[in-house]
Amino acid sequence: MIITQKKPIEELMAMLEGTTRVGLIGCGNCATACQTGGEKDLAEMKEYLEAHGKQVVGTAIPDECCQKLLVKKEVKVFKDSGAEAIVCMACGDGAQTVAANLKLPVYPSNNTMFLGQVERVGVFNEACRMCGDCVVGSTGGICPITQCAKSLVNGPCGGQKDGKCEVNPDNDCAWIKIYNRLVELGQEDKILEVRPDKGYGAFSYPRKISLKEEK
Amino acid sequence: MSLLQQAFEAGKFGVTAEMAPPKGYDFSVQMEDAEYLRGRVHGVNVTDMQSACIKASSLGLCIKLKQAGIEPILQMTGRDRSRIAIIGEYLTAASFGIDTTLALTGDHTVVGDCKDSKPVFDLDSCGILKLLSDMEASGKDCGGNDLEGGAPKFYKGASVTPVYEPMVLQINKLKKKVDCGAMYVQTQGIFELEPLKRFMDAVDKANIKVHVMAGIIPLKAAGMAKYMNASVPGIDVPEYQIKRLTDAAAEGKEKGIKGLPGKVGIEMAAELIQKIKEEKICDGIHLMTIGAEKNIPTILDMAGVNINA
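Keeping their order, the protein sequence lines are chains S and F.
If you read the first sequence in my numbering, its first letter stands for residue 1, the second for the next number, and so on.
If you read the second sequence in my numbering, its first letter stands for residue 216, the second for the next number, and so on.
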């Protein structure tokens, strides 16, 4: 899931300076779970904006705000609404999908933080950095690229103290976790594999994947 | 050939020390301190923005030392450089005759004095060692392109933390570093023989062939020892040593003598070095005096270590 956090409201209000008529768009998927762009959040935003001299002229919550065709259909609600700008309460991808479908300024109300696991309602952990070359098959299902602050692929640095990471003592040392897990699985030999450092040759962004072209 | 390599190949007890470049561009203090090391060590590690704190570059001070006739060991971390920049540093170093290096992953920028800097970590310690080994074997850079005149050769080293739980993780990492080309390792500071012996047993059991140099940090005061125990990973100063320093401070106060704890720290360091050498526990020592390089001749004399013997 894409984890988003609300921007400070002052930042959004600064973007909206000089704008009166505003449309709001959320996301029925990730941003709803993150409580940054669901129904309740849109209602609260509408109330806030209207209390601060704005007019909310329309709202929409597509099932997913990153689906181009879906968003194209949903933004029709803003067409003859007189909206001068859209506040997008989804992730950065959502904001761009909305912008690509409308000739209006789109202002994001959220910051896009990370790809996360949902631990429980409202608690999210970063577990995957989408590095494009998954290694968890040899690291006991624990990603060192994400869980190790230095993204070390060949074992720990000397910087752990009592099993905690020197970078953030709230975090456990990823490599101790990996080792314990491999022992549990009877796969401790895997920790000896020398892994070449990741190559970044295929990392020039923006990237595109088309299943049609791959066939 | 690297002086340290020559020493090990001749079966000698290896001795290295460590210096940090200045936080500024006047190297005169470092060059004065380096004189204490002339003829006393097989190499001087020049730290690479240790603890992620901004300093002049390791390469800069290495060049100055080399030009002054003192053997430098170029420390190289992956924190601030991509593999392109790392190769550039090594080619430059080689052109000045620098031929000994120590590869480290590097402390994270968040523990340093410019936390907003982007941590690079394109390569970790193993990656830097392998980059050099591959370059030497192929005569090519990391992009597969020929290097004019072939690749420079470096005597390659790494670091290791002997006091570590679970120890097997350090041993595994050490094995990888050696597989990637490390010929010698310098340990995190150790203060007693026992943990070093335990570590050496584990190295032997894992059949790792590498020259181990025990890290020695002469203690200056009880406060320093307590601080390191609490804050520095892998450091474990025993209580009785802290007590010796505390007692020395009290004695100094009573008798009006300054610097007694520092003197005790020097004695303890020398005693440890002497035992390591006499009992042949490992192949050498690495002195980390943290700005007190002037004490190194005294420590080595007290320990009976003379590289020219």
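Treat the hints with care, since some could be wrong.
As the list claims (entries may be wrong) - Derived BS3-like pairs (lysine-lysine); straight-line CA-CA distance at most 25 Å: (1) Lys-468/F - Lys-161/S; (2) Lys-468/F - Lys-478/F; (3) Lys-330/F - Lys-161/S; (4) Lys-420/F - Lys-478/F; (5) Lys-164/S - Lys-330/F; (6) Lys-68/S - Lys-79/S; (7) Lys-279/F - Lys-238/F; (8) Lys-164/S - Lys-333/F; (9) Lys-238/F - Lys-7/S.
Claimed, not checked - If you want the ones that stay clear, here's a sample from chain F, every Cβ over 10 Å from chain S, calculated: (10) Phe-336; (11) Asp-339; (12) Asp-394; (13) Pro-448; (14) Pro-453.
Everything labelled a hint here was simulated from the structure, so no lab data went into it.
Glycine residues also receive a C-beta, built at the ideal position from the N, C-alpha and C atoms.
Status of the hints after comparison with the structure:
At most 25 Å may separate the alpha-carbon atoms for a hinted pair to count; Lys-468/F and Lys-161/S exceed this at roughly 35 Å. The suggested pairing of Lys-468/F with Lys-478/F holds, with an alpha-carbon distance near 14 Å, which does not exceed 25 Å. Restraint check: the Cα-Cα separation between Lys-330/F and Lys-161/S comes to about 20 Å, which is no more than 25 Å; the hinted pair holds. Of the pairs offered as hints, the one joining Lys-420/F and Lys-478/F is violated, with about 37 Å between alpha carbons and a cut-off of 25 Å exceeded.
Restraint check: the Cα-Cα separation between Lys-164/S and Lys-330/F comes to about 20 Å, which is no more than 25 Å; the hinted pair holds. The hinted pair formed by Lys-68/S and Lys-79/S meets the criterion: a straight-line CA distance of about 17 Å does not exceed 25 Å. Between the alpha carbons of Lys-279/F and Lys-238/F the distance comes to roughly 16 Å, so the proposed pair stays at or under 25 Å and holds. The suggested pairing of Lys-164/S with Lys-333/F holds, with an alpha-carbon distance near 22 Å, which does not exceed 25 Å.
Restraint check: the Cα-Cα separation between Lys-238/F and Lys-7/S comes to about 38 Å, which exceeds 25 Å; the hinted pair is violated. Its beta-carbon lying about 5 Å from the closest one in chain S, Phe-336/F breaks the requirement of being farther than 10 Å from that chain. Non-interface status of Asp-339/F relative to chain S is broken: a Cβ of that chain comes within 10 Å, the nearest being about 5 Å off. The beta carbon of Asp-394/F is not kept farther than 10 Å from every beta carbon of chain S, the shortest such distance being approximately 6 Å.
At roughly 5 Å from the closest C-beta of chain S, the C-beta of Pro-448/F falls inside 10 Å, breaking its exclusion from the interface. Remark: the non-interface label on Pro-453/F is consistent with the geometry, its nearest Cβ contact in chain S lying 17 Å away (cut-off 10 Å).
Taken one by one, the earlier hints fail for this structure at numbers 1, 4, 9, 10, 11, 12, 13, listed in ascending order.
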